[in-house]
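4 protein chains.
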Amino acid sequence: MNYSDTLTIANKPFSSRLFVGTGKFGSSKLMKDAIIASESQLATVALKRVNPDEKSEDIHSSLLTTGVNLLPNTSGVRTAKEAIFAAQLAREALQTNWIKLEIHPDPKYLLPDPIETLLAAKELVKLGFVVMPYIHADPVLCKRLEEVGCQCVMPLGSPIGSNKGLKTIDFLEIIIEQSNVPVIVDAGIGSPSHAAKAMEMGADAVLVNTAIAVAGDPVTMAKAFKLSVESGRMAYNSQLASEQTYATASSPLTCFLEEEL
Amino acid sequence: MNYSDTLTIANKPFSSRLFVGTGKFGSSKLMKDAIIASESQLATVALKRVNPDEKSEDIHSSLLTTGVNLLPNTSGVRTAKEAIFAAQLAREALQTNWIKLEIHPDPKYLLPDPIETLLAAKELVKLGFVVMPYIHADPVLCKRLEEVGCQCVMPLGSPIGSNKGLKTIDFLEIIIEQSNVPVIVDAGIGSPSHAAKAMEMGADAVLVNTAIAVAGDPVTMAKAFKLSVESGRMAYNSQLASEQTYATASSPLTCFLEEEL
Amino acid sequence: MNYSDTLTIANKPFSSRLFVGTGKFGSSKLMKDAIIASESQLATVALKRVNPDEKSEDIHSSLLTTGVNLLPNTSGVRTAKEAIFAAQLAREALQTNWIKLEIHPDPKYLLPDPIETLLAAKELVKLGFVVMPYIHADPVLCKRLEEVGCQCVMPLGSPIGSNKGLKTIDFLEIIIEQSNVPVIVDAGIGSPSHAAKAMEMGADAVLVNTAIAVAGDPVTMAKAFKLSVESGRMAYNSQLASEQTYATASSPLTCFLEEEL
Amino acid sequence: MNYSDTLTIANKPFSSRLFVGTGKFGSSKLMKDAIIASESQLATVALKRVNPDEKSEDIHSSLLTTGVNLLPNTSGVRTAKEAIFAAQLAREALQTNWIKLEIHPDPKYLLPDPIETLLAAKELVKLGFVVMPYIHADPVLCKRLEEVGCQCVMPLGSPIGSNKGLKTIDFLEIIIEQSNVPVIVDAGIGSPSHAAKAMEMGADAVLVNTAIAVAGDPVTMAKAFKLSVESGRMAYNSQLASEQTYATASSPLTCFLEEEL
Numbered sequence: 001m002n003y004s005d006t007l008t009i010a011n012k013p014f015s016s017r018l019f020v021g022t023g024k025f026g027s028s029k030l031m032k033d034a035i036i037a038s039e040s041q042l043a044t045v046a047l048k049r050v051n052p053d054e055k056s057e058d059i060h061s062s063l064l065t066t067g068v069n070l071l072p073n074t075s076g077v078r079t080a081k082e083a084i085f086a087a088q089l090a091r092e093a094l095q096t097n098w099i100k101l102e103i104h105p106d107p108k109y110l111l112p113d114p115i116e117t118l119l120a121a122k123e124l125v126k127l128g129f130v131v132m133p134y135i136h137a138d139p140v141l142c143k144r145l146e147e148v149g150c151q152c153v154m155p156l157g158s159p160i161g162s163n164k165g166l167k168t169i170d171f172l173e174i175i176i177e178q179s180n181v182p183v184i185v186d187a188g189i190g191s192p193s194h195a196a197k198a199m200e201m202g203a204d205a206v207l208v209n210t211a212i213a214v215a216g217d218p219v220t221m222a223k224a225f226k227l228s229v230e231s232g233r234m235a236y237n238s239q240l241a242s243e244q245t246y247a248t249a250s251s252p253l254t255c256f257l258e259e260e261l
Numbered sequence: 001m002n003y004s005d006t007l008t009i010a011n012k013p014f015s016s017r018l019f020v021g022t023g024k025f026g027s028s029k030l031m032k033d034a035i036i037a038s039e040s041q042l043a044t045v046a047l048k049r050v051n052p053d054e055k056s057e058d059i060h061s062s063l064l065t066t067g068v069n070l071l072p073n074t075s076g077v078r079t080a081k082e083a084i085f086a087a088q089l090a091r092e093a094l095q096t097n098w099i100k101l102e103i104h105p106d107p108k109y110l111l112p113d114p115i116e117t118l119l120a121a122k123e124l125v126k127l128g129f130v131v132m133p134y135i136h137a138d139p140v141l142c143k144r145l146e147e148v149g150c151q152c153v154m155p156l157g158s159p160i161g162s163n164k165g166l167k168t169i170d171f172l173e174i175i176i177e178q179s180n181v182p183v184i185v186d187a188g189i190g191s192p193s194h195a196a197k198a199m200e201m202g203a204d205a206v207l208v209n210t211a212i213a214v215a216g217d218p219v220t221m222a223k224a225f226k227l228s229v230e231s232g233r234m235a236y237n238s239q240l241a242s243e244q245t246y247a248t249a250s251s252p253l254t255c256f257l258e259e260e261l
Numbered sequence: 001m002n003y004s005d006t007l008t009i010a011n012k013p014f015s016s017r018l019f020v021g022t023g024k025f026g027s028s029k030l031m032k033d034a035i036i037a038s039e040s041q042l043a044t045v046a047l048k049r050v051n052p053d054e055k056s057e058d059i060h061s062s063l064l065t066t067g068v069n070l071l072p073n074t075s076g077v078r079t080a081k082e083a084i085f086a087a088q089l090a091r092e093a094l095q096t097n098w099i100k101l102e103i104h105p106d107p108k109y110l111l112p113d114p115i116e117t118l119l120a121a122k123e124l125v126k127l128g129f130v131v132m133p134y135i136h137a138d139p140v141l142c143k144r145l146e147e148v149g150c151q152c153v154m155p156l157g158s159p160i161g162s163n164k165g166l167k168t169i170d171f172l173e174i175i176i177e178q179s180n181v182p183v184i185v186d187a188g189i190g191s192p193s194h195a196a197k198a199m200e201m202g203a204d205a206v207l208v209n210t211a212i213a214v215a216g217d218p219v220t221m222a223k224a225f226k227l228s229v230e231s232g233r234m235a236y237n238s239q240l241a242s243e244q245t246y247a248t249a250s251s252p253l254t255c256f257l258e259e260e261l
Numbered sequence: 001m002n003y004s005d006t007l008t009i010a011n012k013p014f015s016s017r018l019f020v021g022t023g024k025f026g027s028s029k030l031m032k033d034a035i036i037a038s039e040s041q042l043a044t045v046a047l048k049r050v051n052p053d054e055k056s057e058d059i060h061s062s063l064l065t066t067g068v069n070l071l072p073n074t075s076g077v078r079t080a081k082e083a084i085f086a087a088q089l090a091r092e093a094l095q096t097n098w099i100k101l102e103i104h105p106d107p108k109y110l111l112p113d114p115i116e117t118l119l120a121a122k123e124l125v126k127l128g129f130v131v132m133p134y135i136h137a138d139p140v141l142c143k144r145l146e147e148v149g150c151q152c153v154m155p156l157g158s159p160i161g162s163n164k165g166l167k168t169i170d171f172l173e174i175i176i177e178q179s180n181v182p183v184i185v186d187a188g189i190g191s192p193s194h195a196a197k198a199m200e201m202g203a204d205a206v207l208v209n210t211a212i213a214v215a216g217d218p219v220t221m222a223k224a225f226k227l228s229v230e231s232g233r234m235a236y237n238s239q240l241a242s243e244q245t246y247a248t249a250s251s252p253l254t255c256f257l258e259e260e261l
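Protein chains in written order, with this note's numbering: chain A, 1 to 261; chain B, 1 to 261; chain C, 1 to 261; chain D, 1 to 261.
Honestly, the hints are just simulated from the structure, not real lab data.
Worth double-checking, as some hints may not be accurate.
For the chain D half of the interface with chain C, some residues (derived, Cβ under 8 angstroms), not all of them [what the hints assert, rightly or not]:
| hint | residue |
| --- | --- |
| 1 | G161 |
| 2 | E200 |
| 3 | G216 |
| 4 | A224 |
| 5 | M234 |
| 6 | S238 |
Even glycine gets a Cβ: it sits at the ideal position worked out from N, Cα and C.
Sequences are here, hints too, so could you generate the full structure?
Set out below in structure tokens:
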């Protein structure tokens with residue numbers, strides 16, 4: 001059996017189902033090494049870091065040498081209008097029409113705004129963007145984003161940077177069941193077991209940033225996430241055994257002593 | 001940094017931290033192929049299957065060609081006395097003094113008996129066995145088994161064959177914190193994410209049987225478990241980020257629009 | 001200390017923090033008896049059941065004799081436009097400007113639509129309604145509903161009728177922390193312990209329907225919910241002890257034997 | 001329907017299913033008031049506090065005026081031998097042959113020793129005691145304690161004083177299913193919702209100490225626990241609705257608009 005199944009978003013194939021972020025790393029070198037170790041093919045990057053007029057340009061160039069595709073995000077905006085403006089700046093700066101749409105007016109938990117996100121998504125699709133919206137794990141909202149032309153949906157597992165894992169698991173299940181576009185679990189994934197679980201459930205990919213960037217050893221942690229995402233996908237494809245209420249011996253030797261004695 | 005850390009039990013080194021069971025597979029061939037795919041170095045086997053007088057001898061020989069070490073278990077016994085007898089039979093049949101001690105009088109959930117297990121462990125250690133006891137996730141019992149000379153402890157995650165995962169997680173944490181011998185989580189692990197979680201917590205190894213044997217594709221599932229165990233161990237070694245109550249942006253671009261506009 | 005704290009919504013005081021639904025009961029009599037046993041002061045009712053032109057009018061009258069306030073809901077609508085129309089019909093039929101706003105286009109999980117709900121809420125507030133919106137446990141959406149003038153927010157615990165309890169607990173916590181209007185946990189509460197937990201967290205009230213209506217004995221179950229809601233509120237008011245990692249003996253008699261012997 | 005079902009232990013009837021502890025209260029008066037508010041009929045007390053030669057005798061007398069039955073515990077002992085000695089001292093001091101058997105050699109988590117507990121239980125039953133053993137939530141151990149004549153079993157929810165709730169829930173379910181003597185969930189219950197959940201599952205009673213004693217307002221918290229235990233028992237008796245995967249509208253008004261418009 002061949003499980004090298006490919007993820008496709010907007011006609012672009014990905015052999016890796018681990019997407020990564022570029023924030024919070026201790027140094028540019030660490031970030032670059034971790035991304036290489038992750039074997040990810042898509043890395044989100046905040047607009048500021050790729051601003052051609054700033055020193056952070058180095059990061060941009062540095063990332064490009066790894067061969068990873070850059071996915072600009074609109075982090076920091078609070079309204080649809082700001083998001084659309086940011087997306088246009090990003091398209092110009094990075095020469096890509098892909099955009100990770102993040103609109104979070106809330107400064108404490110950075111939770112996304114469903115209304116502004118749908119508004120912005122609709123407009124950005126019209127403007128020719130490949131829109132990847134970061135949103136609450138709200139199944140109805142996911143369907144609406146799909147209907148306006150988003151190329152995937154990116155529901156959260158738990159608040160950004162919290163490392164709490166899949167606190168929305170009951171709703172992620174419904175989203176995965178109902179979606180016609182790829183479902184990428186974004187935000188809150190704090191350990192490889194969280195990532196594996198998302199993939200076992202049938203998520204198409206996961207995005208991890210904080211858990212890699214602030215680990216004791218980010219490079220090894222990146223590799224750990226790579227393995228866990230592959231593992232979870234394999235498990236999904238090879239059909240997990242179901243939960244059982246009663247035990248069944250894996251060593252069904254219930255009577256050997258009677259026979260022997 | 002080198003994370004190829006080796007697990008040692010009774011002076012025997014293991015590079016793989018995934019132990020496997022041999023029950024419930026659809027065929028001997030499937031079992032053999034799955035064990036090879038798992039890259040496990042230790043496979044439990046019920047005494048009956050290695051009885052020299054039965055046809056099941058084939059299974060024994062078949063397993064030996066894979067290079068995996070065989071760990072006979074006492075599955076099916078209900079008392080310390082029966083367990084000691086079974087261990088002696090196993091030693092003779094398999095030419096090994098390693099024994100996985102399982103005493104479960106309960107036919108419905110196959111849960112282990114703490115009293116008989118401690119009694120048998122004490123005696124088997126005196127008889128020169130390397131004793132690996134399967135027990136409830138009871139931290140006090142684990143210490144007592146360590147004190148009588150067990151070479152590891154094997155607390156359960158959930159009932160055998162239930163695939164429910166780490167339902168004893170709060171007590172596994174205490175066991176791992178307090179143990180001076182390797183802690184191997186046994187029973188109940190139903191998916192790679194469960195195995196990864198156990199390893200992230202600092203378990204020294206996991207034993208998986210049902211989840212591989214009854215998967216849709218046991219060979220690929222075995223490989224998935226291999227990757228998840230490696231992933232979890234790497235994550236443990238490279239220090240997981242802690243959980244946070246409040247969010248911290250991984251893309252700290254909170255003000256770019258003000259600057260730009 | 002006096003904990004008879006009163007909940008106020010739109011200047012109307014409630015001494016009971018348990019709201020109930022009227023659907024799914026085996027008979028009108030059972031519904032009426034259960035509502036009386038619950039001591040609830042607010043019962044939701046679907047528009048159809050109070051339609052003056054139908055026989056179901058009996059239910060309406062029957063309910064009124066219990067003294068409970070009726071809260072019409074817009075269940076069955078799929079858009080803001082339909083919801084506004086339904087609310088107006090309900091106002092006329094029931095002579096109340098209170099409306100529970102439910103817009104769920106999804107027939108399988110009956111999950112609410114965030115966009116249409118906000119649209120309808122805004123309009124209904126303008127039309128003079130006391131708007132109580134049923135929504136996903138989305139903290140940003142809750143703030144927006146509060147901003148447009150909703151008198152409370154009603155985030156879900158889990159899908160309607162699922163009895164799964166507080167699957168959104170991490171987000172309910174944030175909603176309760178941030179809200180300036182009462183937070184009423186609605187949908188999914190399947191047992192008194194779920195209701196007690198919601199109240200312990202600081203929810204202002206809970207709405208329960210299915211778990212009472214389809215219980216073996218709905219009248220006793222209604223009473224059980226009444227007690228659990230009171231219990232949870234008392235616990236919230238009297239400050240729960242925090243979780244501890246290590247044990248502390250409640251019977252600190254660590255040395256008595258040394259002294260005695 | 002009459003749900004005033006009585007719990008019977010060793011032929012003694014209890015109308016309250018909430019047992020309480022007497023440790024950790026800020027003052028004797030607070031303890032006494034909380035016990036009165038709890039309406040409990042059984043309070044555990046450490047031997048030292050009832051020592052006739054000490055000033056703490058006051059506590060003993062004070063408790064007796066409330067009408068609560070005192071249940072001496074062996075807290076502080078580390079072996080069966082010490083426990084038996086402590087039980088005999090308690091019998092003499094308190095003129096009761098009831099004993100709560102606690103043997104916890106572990107000073108950090110105060111977890112009970114299964115081996116010493118079974119040994120002591122066996123002996124104490126022979127000596128005419130009504131033995132109520134505090135133990136890990138180990139179903140096989142519970143059966144063995146029942147077999148040697150214990151009048152109930154008292155499995156833990158989580159470590160004493162941790163307030164973490166029912167972390168052993170999967171095993172409590174099995175214990176409740178299999179037990180022929182009352183099952184009293186002891187240790188770890190940190191809030192009324194935990195107590196309600198234990199009762200909903202079919203536990204016969206719960207024992208609460210820390211969560212009441214260290215609450216902001218112990219007297220009100222005691223009352224909250226009283227209500228939650230009653231609520232949980234009622235729910236158990238009136239048959240909880242089962243969990244559902246898909247939603248079912250409680251307000252099945254799916255088509256009213258079509259009809260109306």
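Does the structure break any of the earlier hints, and which numbers would those be?
none
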